[in-house]
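Visitor: We have chain A; now place chain B onto it with these hints.
Chains as they are written, first to last, in this note's numbering: chain A, 113 to 603; chain B, 113 to 603.
In case anyone wonders, no lab produced these hints; they're calculated from the structure. Do not rely on the hints blindly, as some may be mistaken.
One copy or two, either will do: identical chains are not told apart, so a pair holds if it fits within one copy or between any two.
Here are the simulated EDC-like pairs of lysine to aspartate or glutamate, each with C-alpha atoms no more than 20 angstroms apart in a straight line [said to hold, decoys possible]: (1) Lys496 / Asp255; (2) Lys290 / Asp138; (3) Lys496 / Glu171; (4) Lys327 / Glu214; (5) Lys327 / Glu213.
2 protein chains.
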Amino acid sequence: MLIKIERDHPTPVYQQIIGQIKKLIDQGSLEPGSRLPPSRSLAEKLGVNRSTIYLAYAELQALGYLQSRPGSYNIVLQRTREVAYDPDRQSLIRWEKACSEEAARIYKTFLGYTPEKSARPGSGPPPFDLASLGLDPGLYPVDDFRRCARHVLLNSGFEPLEYGSHKGYPPLCEYIAKRLRLHGISVSDQEILITNGAQQAIDLIARLLGGPGRKVAIETPSYANAIPLLRFNRLQVVGIPMKPDGLDLAALERALREERIAFVYTMPNFQNPTGITTSHQHREKLLSLCTRCKVPIVEDGFEEDMKYYGQVALPIKSIDEQNIVIYLGTFSKTLFPGLRTGWITGDKELIGRILAIKRFCDLTSNNLSQVIIHRFCTLGYYDKHLKKIHRLFRQRMLLVLKAMKNCFPPSVSWTRPMGGYTIWVRMPNKISSQRLTEITAQFGVGVSPGEFYFPQRFPSEYFRINIARVPQDKILEAVKRLGKALGQLAS
Amino acid sequence: MLIKIERDHPTPVYQQIIGQIKKLIDQGSLEPGSRLPPSRSLAEKLGVNRSTIYLAYAELQALGYLQSRPGSYNIVLQRTREVAYDPDRQSLIRWEKACSEEAARIYKTFLGYTPEKSARPGSGPPPFDLASLGLDPGLYPVDDFRRCARHVLLNSGFEPLEYGSHKGYPPLCEYIAKRLRLHGISVSDQEILITNGAQQAIDLIARLLGGPGRKVAIETPSYANAIPLLRFNRLQVVGIPMKPDGLDLAALERALREERIAFVYTMPNFQNPTGITTSHQHREKLLSLCTRCKVPIVEDGFEEDMKYYGQVALPIKSIDEQNIVIYLGTFSKTLFPGLRTGWITGDKELIGRILAIKRFCDLTSNNLSQVIIHRFCTLGYYDKHLKKIHRLFRQRMLLVLKAMKNCFPPSVSWTRPMGGYTIWVRMPNKISSQRLTEITAQFGVGVSPGEFYFPQRFPSEYFRINIARVPQDKILEAVKRLGKALGQLAS
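Here chain A stands alone, though its shape is the one from the complex (with noise of 0.2 angstroms):
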């Protein structure tokens, strides 16, 4: 057996030794059966203490390469052959027809579905992405979150890396019903069960509610990810639509008389896509026709926590006498959204009903995850970042409104919000997302597409853009490219 130490190099001896031994096994050239020579000799070969060799053996086997009975010889073990990787081989079965209806649809929404990736294909992302609905990363506190994962890995045991509850990992359920008795909704950590999410926290209320012949009320245009997944939970979706004061109640009232209603999913703050925020009066007439006509709410609290102007108004559940309200937050659109963090709030009986579908379906979410945002948010980390980021949110929201004005064609309106991240814009002439695409990306830019968001996709006079996702340095000259961009679509 041929090894041969080099005692300057930089690996350790015995890794040098471990790796040839590991490269005659693999070559071929000791084969399985074949037995090593014992640590003893081999150290005296090689000139090493002999604790090298074990140390080199005791690897060998740990990683399946020599038998691993200790006080034997050491024997090279037959290794299991990588079987080839065949790209061509075909189903016999047709998957097309092998699944359900609902899930036929959904395959076909997603293969065309692209409304915040707008760049040309194979050109990557835009250097200036306005598209995506997400914080600049480099926000993120990362250095806070780092200290929080340390301490819970080194102080918590094993227990984060268990099987937490089903409801969610309780001191953190508790955290999240304070929070939101001081955005003034009456909860307690009974009530919260922690999701994959908001999406999964929509998900799980379609799945509760939804049902042949079943319909949801949403605002039009509406979160562009909600509309294919209500679909997919048997809801026929039932588009009401938004006025610059929010959802208009008129049509809501005529659909909820006409229409079996299941429920009515709003975003009251920062609205996706439009930015539009409900007024404390509208909050109410709204709650009080769904209370008339027993149609629960979904009240979807994305950017509860992104009111960089002060208090806008409360959370319609916040003002739910009756309990038809279900809340929804994250932790994603402020926060971490690779943690998947989001939860549910509403009535103690409807609670448990979607816990009984969240426990079958996914048994628990990430539980250290919850143990280390448990932490990172009880320390005060949360509330400092919170507030670092309305600081420059606050500022950055007005100056980009004004570069809008400065930049932008005479033809072209636009929402202005009183918080969250979104502007809604308004082209004189619809246009295709493809074209949309093309353009913005000539400049550098990537907006997305009104059609994403209506339950009918048509080439439209919208498109979404998010003011947070680009760095700070970047976000004036995006605007003034989207300005050109759009110069070049109105001429």
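Guide: For chain B alone, kept in the frame of chain A given last:
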């Protein structure tokens, strides 16, 4: 403003100042709108450095106690008031009527569902837990994991905290594909979809293939958590008996001929709950039968990595020439279940269709966990950990089987698994899960009553034990105690 500094106190001076000002504001001694003294004069008064006061004021601004406009006076802010919680509030909505048929049914199941909670109500878990299907968390490689987590959070910046790919973290998909190729499955990373544990994998497949009038053939008994989930997804459950060598293939053939079966759900290794492993021949026959009938097989490889007595047989997926097998796996049975990381693989088009559902249901799985697990695996920690638990359970399974022979009444029989964790025990008489739970709890032991593993719940002569949850030094005592409980049940 009365502030007292104690210089000998372990709390830093600036934190003492923060604490006391917070208290004054919370108590109302400092009213909203009132001005705090300029930092210079407060510093002089307290005899501290001016930067100490700066630090304290900055923190109070971050916490929302003081107005945060820089340069101006430090004005006390109106604190948001927390509303009270009213536990007696009722809902106007009758949720039982509002929810779908499937949701009503799963809720009913959920309320009486306690397959692994075999203690008497209110008495806490029994000290000898043979009920829950998990690994003794004392065996988790927590230190290795912490090192990986630390490295990821120090070196990967914000990436792991961002939204990940809908399909899963690409390097982890590659790792899993390679691992599956070592198990004989011809697959690339393109056909791997990461899920929130294997439970979500089952859910996604059922959502794809379920629908009105559709049926699924399952082993009887089968994985308890799967039965309500399949039904929730509009799949009527057709039970096919387990024989000592696996699924009764003649009965399956009849069912495939007579009923419209959407897919067959099977666990060929260490089946849950029976512990039965099928032979290569049985796998070939099952595959050939389903290929002939063009019915997909869902192969649940939840304990593929628990073959501690060596290779038992390759996965059905490894001989699946026609690509009809959907294979699923998980880290939850060998590693950290709290990280909820499982996967699905199969035909490329099939994976695309499942991805479409996953993409709208919860966008993506937890990204951070995937990045850390990837590092953990590729550094060899996973293989090292497997070697360790293999060594342990190779001995433990034999030990437990021998102890059962010595301690159990002769009227009781059980399976002899070739790996994995679970043993299926048969008593001479049927018994209600409640009575079984009560008697075993008297001896401090928890077992999982058999009735939860059948499509119809009746008192059963079976129960499942898991040998992996109880620490090494308690396992023989657990078996002994269980023997005594069985003696009492038999008398």
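Visitor: With reference to the structure, classify each hint as holding or not holding.
Guide: Outcome of the hint check:
1. Lys496 / Asp255: Only inside one copy: Lys496 and Asp255 sit 13 angstroms apart there, 31 angstroms across copies, limit 20 angstroms.
2. Lys290 / Asp138: between (59 angstroms within a copy, 16 angstroms between copies)
3. Lys496 / Glu171: between (46 angstroms within a copy, 8 angstroms between copies)
4. Lys327 / Glu214: both (15 angstroms within a copy, 17 angstroms between copies)
5. Lys327 / Glu213: So Lys327 and Glu213 pass the 20 angstroms test inside a copy (17 angstroms) and across (15 angstroms) alike.
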